[in-house]
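Asks: Taken in order, these protein sequences are the chains called W and Z. Quick note: the first sequence uses full-length UniProt numbering, first residue 1, plus one each step. Quick note: the second sequence uses full-length UniProt numbering, first residue 1, plus one each step.
Read the hints as simulated data drawn from the structure, not as lab findings. Here the structure is a predicted model, which means the values were calculated and not measured. Hints may contain errors.
FRET-style restraints, in silico, Cβ to Cβ [claimed, not checked]:
hint, chain 1, residue 1, chain 2, residue 2, range
1, Z, Asp189, W, Glu308, 51 to 57 Å
2, W, Glu73, Z, Glu39, 47 to 53 Å
3, Z, Asp63, W, Ala171, 43 to 49 Å
4, Z, Asp189, W, Asp240, 24 to 30 Å
5, W, Glu73, Z, Thr176, 47 to 53 Å
6, Z, Ala56, W, Leu74, 52 to 58 Å
Just so you have them, the derived chain W footprint on chain Z, three or more residues with Cβ under 8 Å [as the list claims (entries may be wrong)]:
hint, region
7, 239-252
8, 261-269
9, 322-329
10, 332-340
11, 361-370
Each residue gets a CB set at the ideal place from its N, CA and C atoms; glycine is no exception.
Below, each chain spelled out in residue letters.
2 protein chains.
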Amino acid sequence: MTAPLHEARPAAPGRALPDTQQGMRRRNLARVMHTVSAEGPLSRAAVASRIGLTRAAVSTLVDELIRSGLLEELGPERPGRVGRPGSALAVSGRGPAGIGAEIGVDHLAVCAVDLRGQVRARAVRQADNRDRSPEDVTADVTDLVRQVVAEIEGEGLWPAGLAVAVPGLVARDGRTVVHAPNLGWHDTDLGTLLPAHLPLTVDNEANFGGLAELWLGEAAPHDFLHVSAEIGIGAAVVVDGRLLRGTRGFAGELGHVPVRPDGPPCACGGQGCLEQYAGEEAVLRAAGLASAGNRVEVLADRAAEGEETVRRALHDAGVALGIALTGAVNLLDPEMVVLGGALAGLAPWLLPSLRAELARRTAGPACPVSVSRLGSEGPLLGAAHSVVRGVLDDPAAVPAPV
Amino acid sequence: MTAPLHEARPAAPGRALPDTQQGMRRRNLARVMHTVSAEGPLSRAAVASRIGLTRAAVSTLVDELIRSGLLEELGPERPGRVGRPGSALAVSGRGPAGIGAEIGVDHLAVCAVDLRGQVRARAVRQADNRDRSPEDVTADVTDLVRQVVAEIEGEGLWPAGLAVAVPGLVARDGRTVVHAPNLGWHDTDLGTLLPAHLPLTVDNEANFGGLAELWLGEAAPHDFLHVSAEIGIGAAVVVDGRLLRGTRGFAGELGHVPVRPDGPPCACGGQGCLEQYAGEEAVLRAAGLASAGNRVEVLADRAAEGEETVRRALHDAGVALGIALTGAVNLLDPEMVVLGGALAGLAPWLLPSLRAELARRTAGPACPVSVSRLGSEGPLLGAAHSVVRGVLDDPAAVPAPV
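Based on the sequences and whatever the hints tell you, model everything.
Replies: Printed below as a string of C-alpha cells:
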C-alpha cells in the first residue's frame, strides 16, 4: 500500500497550515478525516453537508484518503432510503497507527492505537529505571516498540509515528529530556537513541495525561487543569482545547507552587512547595510507610482498610492540593480540575479535604473537581493518540509504510 | 467616504475567519494591512513579496483598502531606482480610529488612536466613582466619548468602535461587568448604557494593560505575565501572543492566590491572599498611611524621601508578590513578568525583594521581571488599540462612518 498524499513534514498539532490553495486542500482533507472520525460511518453526501463543501469536492478528497489507506468504504448503506444508496465511509482500521511509549520510574510500556482509537497491541516490562543509563532504557523501549510494530503489521497496520511520555521536563524541541530527576537524566536527546525511521515526539507524562483526558475523557471540557502524580506532582493546563506549554516547555509545574512559604526546603530550590506536602515521598513519610514497595497501591490499600495514619496523611495532602489549586484556579479560571494518574486511585481519601479547601477559599461556587477514569493509563494512551491526532490533523503528511 | 468592504460582523480578535474563498480574501486583506502597518511605507511590489501573493492580487486588495480609507498612497517613491517608480503605501491617518475608555475608581478617561497608533484626542475627568450608579458614570463616559469623537471627526477620522476598561470581572460576552467591588457594580450590562452606534467591547483593566504591553511595550515577549494594580491586584496572562481569558473570563486573579494560607481573611472568601499583603489598602495600612489622598503617589513620594516604614511596607509587599509569582511562574513558564499599572511607579521599592524571593525559590535562572513603560496609561491605550487591532485583523468588517 502506498501513501500518495505524502507531501511534507507533519504540521505540528494545532499549527495552522499555509494559507494557499494547497494548504486549503490539506485542511479540507483534515476536515473530512475529523468528520468521519467523530460521526462516521457517513456517506459522501453526509460528509459534504457537514463540512459545507460540494459533493464533488468531497468525493475527490475521499478518494485520496481511501487510496492512502486512511478511510475505507463499508459498502452500500442499508436500503429503505430514498435515492441511490451511498457507500458509508469509515476511518480505516488497517491504516496508520500511533505508537505510544511510557518511560516510567518502575516500568516501560508501549502500545499501538489505530485511527479508530482502538488499542491494537501492547507490551509492558517491569523494570527499576532509576539511574539506568538512557542508552539501556531506550534499548528496552526499542525492543518493545519492535514487538508492538510486528504485531500490528500482522494485521495490516503500519506505524505513523512514535510518541514517548517521560517523567521529567522536556524541551520545546520535543526530543530532549532536560531533567528527569527520578531517572537521573539531564539534557538527554532521545532522538538519537530511538528508532530513526519513525517520526518522534517526546513529552512530559503529565502533558500526555492531560491530552488523553481532553481526547478520551468523558465529557471533558476544553478548559481544564489536569493534575497527576507519579513520584512528583505535575499538571497539564488545557486552554481552548490546547495544551499550554510555556516558553521553555516547562509549564504545569504545580508541584512547585509554594503552599506554605516558610515550609521545608524542596529540591527545586523552593520552600514549602506542594510536593513537600502532597508528593509521594511526603505522603509515605507522613503515613509511616517510608519504604513501601508499590507505593501508591499500598497507600490505597491501607486507606481502604481504614488505617488512621494513612487517612490522615492523605487528608493533609488534600488540604495542600486545595491550597495550591486555589491559586491555580484564580490564575487560570478553568472549567474543571481533573485528578488523574496515580492521584485518581487515591481520590476517595484526597477529595473531601481538597474540595473543602477549594470551597472555603472561594466566594462563589468553587471550581468542580472530577476524577479521571483513565488514571495511570493516561500518559501512555495520550502519547499513542497524539500520533493518531497528528494523522487526522494533516492526513497529507502521513508517512508511507516502511 | 464610504466603506465598500463592510460585509459582516467583525470577527473576534484571533478568531479564525471561515475557510472559504471569501474568508481567504478577508485574511489576505488583513495580511496587507498588518504588513503595511508593521513595515510601511511599502510599494505594492514590496507588499506582494512580503506576503507571497502576486502583484496583481495585491493590487486588487490594496485598491479596496484605499477605497475604504484604510490605506493611502504617499505618491511616487523617490527616483533613482530602476524601473517605473511605485507609489508607496501607508496606513491611513484619516481612516477609522479606535476609541478607548477607562472607568477608574478616581477618574474617567477617553482617547482616540488612529490606525498608525497615534493618540489623536484625549479627554479626562477626575471623579470619585465609588458607589456612583452605572447610569451616572456611563453618562459621563458618553460625554467624553462625544467630545473625543467630535475632535477626531474634525480631522477626517471616524470611530470604528469603543472599548472600555473597567476595574472588575467582565463576562465573556464582552459587555457585562459581573463584579466591580470598588465601584459597587454587580451584573451591569454596559451595552445598554453606552452609545449604541459604536461596536462595544468591555474588558478588565488588567487585561487591557497586558494587551497594551503586548502591542506597545518595548521588546515585549509573546509569553508573559503582566501584573498591575489599581485598588486590587490583577494580572494578564499572555500566551503565544494571546490573552488567556478563562472559562468565565475571570483568569488572571493573581490578587487572590494564597500567599500564606493561614493569613488574614479576604473579601474573596479566601485567606492570606496576595491582596492582603500587597494590595493598596494593605500596603497603606502597613505604611501607616491609611487615609492618604492620591495613594500610590503618596507611597512613591514617601518612599523616595526615605521614610523607613513606607519602604519596609513596600519591601514586604515585594516578598508577597515574589511568593505568588513563584507559583504563577511554575504553572505558566512565561518568558517574563512585567510590572505595570500603579505597580510600575512603585517598582524601585518593590523589585529588590520581589526579585530576591523569586530567585531564592528557583533552582535555575529565575524568570526575569521588568517594568512597563506604559504604567498607568496601559489600560486606556490597550482599550483604544484593541479597536485598531480589530480593524487590522479584519479590514472587511470595519463599520462605515456614521
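Asks: Taking the earlier hints as the rules, which of them does this structure contradict?
Replies: Number 6 - this is the single hint that the structure violates.
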